[in-house]
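J.: Work out the full structure, taking the sequences as your base and the hints as a guide.
Following full-length UniProt numbering, the numbering of the sequence shown begins with 1 at its first residue and continues without gaps.
If you are wondering where the hints come from, they were derived from the structure by calculation, not from laboratory data. Being a predicted model, the structure only gives us computed values, none of them experimental. We put the beta carbon where it would ideally sit given N, CA and C, even for glycine. Please note that the accuracy of each hint is not assured.
As the list claims (entries may be wrong) - Listed below are the simulated EDC-like cross-link pairs for lysine to aspartate or glutamate, each with C-alpha atoms no more than 20 Å apart in a straight line:
#1 389 to 352
#2 99 to 344
#3 130 to 341
Unchecked claim - Derived Cβ-Cβ restraints for the label pairs, each shown as a range:
#4 464 to 102: 39 to 45 Å
#5 464 to 21: 45 to 51 Å
#6 99 to 129: 17 to 23 Å
#7 292 to 269: 33 to 39 Å
#8 207 to 178: 20 to 26 Å
#9 205 to 332: 37 to 43 Å
#10 63 to 17: 57 to 63 Å
#11 62 to 11: 33 to 39 Å
#12 205 to 251: 22 to 28 Å
#13 340 to 45: 55 to 61 Å
#14 54 to 497: 47 to 53 Å
#15 263 to 101: 48 to 54 Å
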Amino acid sequence: MTNFTPNFRPWKSCDPEHLFDAPIVTYVDEERKGIAANIETQARGVSILFIWTDCDREGEHIGSEIRDVALSTNARLRQPGKINFVPEPYWAIKVTHIKEDITVNFRWSRINLFDRMAVIILFERCLTAKYAKVIKVQTKPASKWKPLPLTTVELQKMGSRFLRMDSQRVMKIAEDLYTKGWISYPRTETDQFDKGMDLRALVQKQTQSPIWGPFAQKYHSHAQLVKRVLTICSLVNGGFNQPRQGRNNDKAHPPIHPVNFVLPSALGGQDERKVYEFVVRRFLACCSEDAKGSRDEVSILYGSEIFNASGLSVLARNYLDVYPYDKWTSTQQLPQFQVGETFEPTEARMTEGKTSPPGFLTEPDLIALMDANGIGTDATMAEHIAKIKEREYVMTRPKAQRAPAEEGDEREEGEAPAVESDDERGGGRGRGRGRGRGRGARGGRGGGAGGRGGGQQGGVQEFIPTTLGVALVKGYEDMGFEMNLSKPFLRKEGLSLMAG
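T.: Below, the structure is given as structure tokens:
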């Protein structure tokens, strides 16, 4: 409880005026020392403390007192989010079958379990069953949507991810291109073009480009397919499609787009050429068609467990031909399966792996979080990031490249596996029918264009907190205010109140 020091107790023993300056002490009341002793006893040797008190001011205060008593006997206790990551082992079942000289990797519908004995039992049931039965065969159309019109936040994210420049540099170049009259105003939150805007005229201007301008349509012999390469002329000659409509319109400026054509040789340096080319290609992709494909899916019942495999065929690349920043490629095709068909899998094995800690934030990640939490504006985000680097709250280093996924891996572009297995790292340990192979790619967080597409990640920097940065956050957290000053909610609420 909290009270004045003994020389000011009882309160009526002195002039009430003196109590305004009297010192205050916090201590455990005699009646509750048994409760405090119990908390101290229980807290010794534990690593996590869960506090479940009433969701009101009094409950929060009681919770803070419980925390203080527990920390007094176990200084190692920290909030769960601050505990050093401890890898946790997990186990999975992998089934492989070769048919028509095609190796099909079936993925367990449970993905993985953290109970080894449970996985062993389920695995043994699979081996006992011996034969797998096809329970579903499905072919359905697949599409990869073209990108939304370009906003300032998206330009900063994509520039950091694909152009090997930090966001501040990207915005400086974009402003120069705007000043010279090559692109529209680069500071905008709008991701939808007005219906009255003549986009076809803007596309027409880009037909002068020797890189993306010429119309290319190649015919081969009757035994070959016609290959149609998407170019500007194909958009002008009937291939034009209205851009997607985003949800944001600041009513001040349109999405970032090219307003005039310029030869690369007329631009001032390699970085300027890269930013201009990205803006043009993004705009042309917006005016193109979505990529089209076909996805085959097969599910089998092996023992009591369900396993799935899928294959993708890209039938029409469309916008992808002019927008290399998104990746969507065909995978190895699945052989023909029939519902009710049974077969003995070529290989079935149990694999083991360990969970891996989350990676450090990259600049595109940070920009997305700043945008979601209302930190800065499209005009100041890059400056905020530059400032924390300048003050050495963080240091940067190149993000490790992700290796190509294993052939037949149908994980969506930009999607990361829930956990990383030894098998994916090339060091998997297997047991079961067939010969185990440790092959594949190291898992990690995917980085897709616009949160959806994958692509090359050369030049992406990740932020490593420095001792100074960590100390700054800890200082804010230890101030003891009702709202944590190191988190974005206070600023977000303040900006919301000012806007309202």
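J.: Look at each hint and say if it fits the structure.
T.: Results of checking the hints against the structure:
no.	hint	verdict
1	389 to 352	violated, 40 Å
2	99 to 344	holds, 11 Å
3	130 to 341	holds, 14 Å
4	464 to 102: 39 to 45 Å	holds, 43 Å
5	464 to 21: 45 to 51 Å	holds, 47 Å
6	99 to 129: 17 to 23 Å	holds, 19 Å
7	292 to 269: 33 to 39 Å	holds, 38 Å
8	207 to 178: 20 to 26 Å	holds, 22 Å
9	205 to 332: 37 to 43 Å	holds, 41 Å
10	63 to 17: 57 to 63 Å	violated, 34 Å
11	62 to 11: 33 to 39 Å	violated, 23 Å
12	205 to 251: 22 to 28 Å	holds, 26 Å
13	340 to 45: 55 to 61 Å	holds, 57 Å
14	54 to 497: 47 to 53 Å	violated, 28 Å
15	263 to 101: 48 to 54 Å	holds, 50 Å
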